[in-house]
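Trainee: Residue numbers (the working numbering), protein chains in the order written: chain A, 1 to 99; chain B, 1 to 160.
To be clear, the hints were calculated from the coordinates, so they are not data collected in a lab. There's no promise every hint is true.
Each computed EDC-like pair below joins lysine to aspartate or glutamate, with the alpha-carbon atoms no more than 16 Å apart [claimed, not checked]: (1) B/Lys63 x B/Glu87; (2) A/Lys81 x A/Glu59; (3) A/Lys81 x B/Glu104; (4) A/Lys81 x A/Glu68; (5) B/Lys159 x A/Glu96; (6) A/Lys63 x B/Glu158; (7) B/Lys159 x A/Glu92; (8) B/Lys128 x B/Glu156; (9) A/Lys52 x B/Glu151; (10) A/Lys84 x B/Glu104; (11) A/Lys50 x A/Glu79.
Quick partial rundown of chain A residues pointing at chain B, CB under 10 Å, derived from the structure [stated by the list, open to error]: (12) Ala57; (13) Ala58; (14) Trp61; (15) Leu75; (16) Glu79; (17) Leu83; (18) Phe85; (19) Gln87; (20) Ile90; (21) Glu92.
Just so it is clear, CB atoms sit at the ideal spot from N, CA and C, and this is done for glycine as well.
If you want the building blocks of each chain, they are given just below.
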Amino acid sequence: MGMETTTQFSLRFEPDLIRQIDEEAEKEYKNRTELIKEAVVHFIKEKEEKEKLKLVAAELWLKGEISETNLKKVLNGEEIKDLKFGQSWIEETLHEIRR
Amino acid sequence: MKFVVDTGAMLSLASSLHFGKIRSLYELIITETIEHELQQFAVYNDNLGLKAQEVLKLKLVKKMPRHLLSLPLEKGEIEVFSLAYEEKCIALTDDAHAARVLREKFDVRVRPSFYVLVLLYKHKKISKEELIQDIDSILIRRNWLNGALWEYARREMEKL
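Build the full structure now, drawing on both the sequences and the hints.
Mentor: Put into structure tokens, the structure is as follows:
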């Protein structure tokens with residue numbers, strides 16, 4: 001496997017946060033870069049997991065395979081409004097084409 | 001026929017195998033903020049970045065609205081919707097949330113980017129197979145909402 005290229009950039013944090021980062025890094029035997037990178041990767045993964053769950057719930061609801069009550073366990077009110085609007089928006093768009 | 005196009009919709013259309021046909025048949029208009037957003041995408045050499053680089057090389061019409069509609073959305077969307085309102089033409093966006101917010105306040109025609117492709121199909125410029133094939137490759141699934149809706153749209157298009 002080839003060497004992965006990295007890009008250097010600067011970050012600006014409050015002194016208190018830097019101290020916390022350094023303390024955590026020391027406990028984990030890591031440097032600042034490794035700790036911040038790990039935290040960012042973890043954050044992105046967690047967001048991706050949540051997105052996946054929302055996607056599955058929305059797809060099942062659009063197929064009529066789950067109820068709105070179950071959908072509400074995964075999506076908030078605004079997200080449900082967007083999904084419902086999106087469905088009728090697509091139907092309206094395709095209806096216009098069929099005419 | 002002309003369309004005012006936001007960044008996501010433009011990148012979707014640029015990913016179409018029929019982008020050349022679309023540009024020859026329809027006028028695609030962008031605004032200053034959309035051009036700036038495309039430039040931000042173009043910094044990266046990933047798939048979307050390369051599409052943005054291609055779009056920026058084209059001589060697209062760039063216009064600005066005289067007045068901005070009052071909407072709780074990002075600057076690019078507000079410019080696109082305001083210009084479509086003034087020009088009395090269709091705004092293209094793949095952002096269902098932005099389209100909903102617009103519809104709640106203003107009577108502006110707003111359509112997802114695939115509308116242009118289904119128009120090509122309706123006017124027999126492409127076949128149904130080409131339409132479905134293109135839909136699979138162009139609709140950029142940037143979040144759960146796009147992912148679910150475009151899959152739904154694809155299923156509905158098969159019934160056309």
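Trainee: Compare the distance between the alpha carbons of lysine 128 of chain B and glutamate 156 of chain B with 16 Å, and conclude whether the hinted pair is satisfied.
Mentor: Holds, at roughly 12 Å.
Trainee: May I ask you to test the interface hint for glutamate 92 of chain A with respect to chain B, counting a Cβ-Cβ separation under 10 Å as satisfied?
Mentor: Holds. Min distance 9 Å.
Trainee: Does leucine 75 of chain A pass the interface check with chain B, least Cβ-Cβ distance below 10 Å?
Mentor: holds (9 Å)
Trainee: Tell me if the straight-line CA distance from lysine 50 of chain A to glutamate 79 of chain A falls inside 16 Å.
Mentor: Roughly 13 Å between the alpha carbons, so the hint for lysine 50 of chain A and glutamate 79 of chain A holds.
Trainee: Tell me if the straight-line CA distance from lysine 52 of chain A to glutamate 151 of chain B falls inside 16 Å.
Mentor: holds (14 Å)
Trainee: Does the alpha-carbon distance linking lysine 159 of chain B and glutamate 92 of chain A stay inside the 16 Å limit?
Mentor: Holds: lysine 159 of chain B and glutamate 92 of chain A sit about 14 Å apart, inside 16 Å.
Trainee: For lysine 63 of chain A and glutamate 158 of chain B, compute the direct alpha-carbon distance and say whether it is at most 16 Å.
Mentor: holds (15 Å)
Trainee: Does phenylalanine 85 of chain A pass the interface hint, meaning its C-beta sits closer than 10 Å to a C-beta of chain B?
Mentor: holds (4 Å)
Trainee: Has the given pair, lysine 81 of chain A with glutamate 104 of chain B, been kept, meaning a C-alpha gap of at most 16 Å?
Mentor: holds (12 Å)
Trainee: Taking 16 Å as the top limit, are the C-alpha atoms of lysine 84 of chain A and glutamate 104 of chain B close enough?
Mentor: With Cα atoms ~14 Å apart, lysine 84 of chain A and glutamate 104 of chain B stay inside 16 Å; holds.
Trainee: So if I understand the rule, the pair passes when the alpha-carbon distance is 16 Å or less; does lysine 81 of chain A with glutamate 68 of chain A pass?
Mentor: holds (11 Å)
Trainee: Against chain B, with CB atoms and a cut of 10 Å, does the hint on leucine 83 of chain A hold up?
Mentor: holds (7 Å)
The structure shown violates none of the earlier numbered hints.
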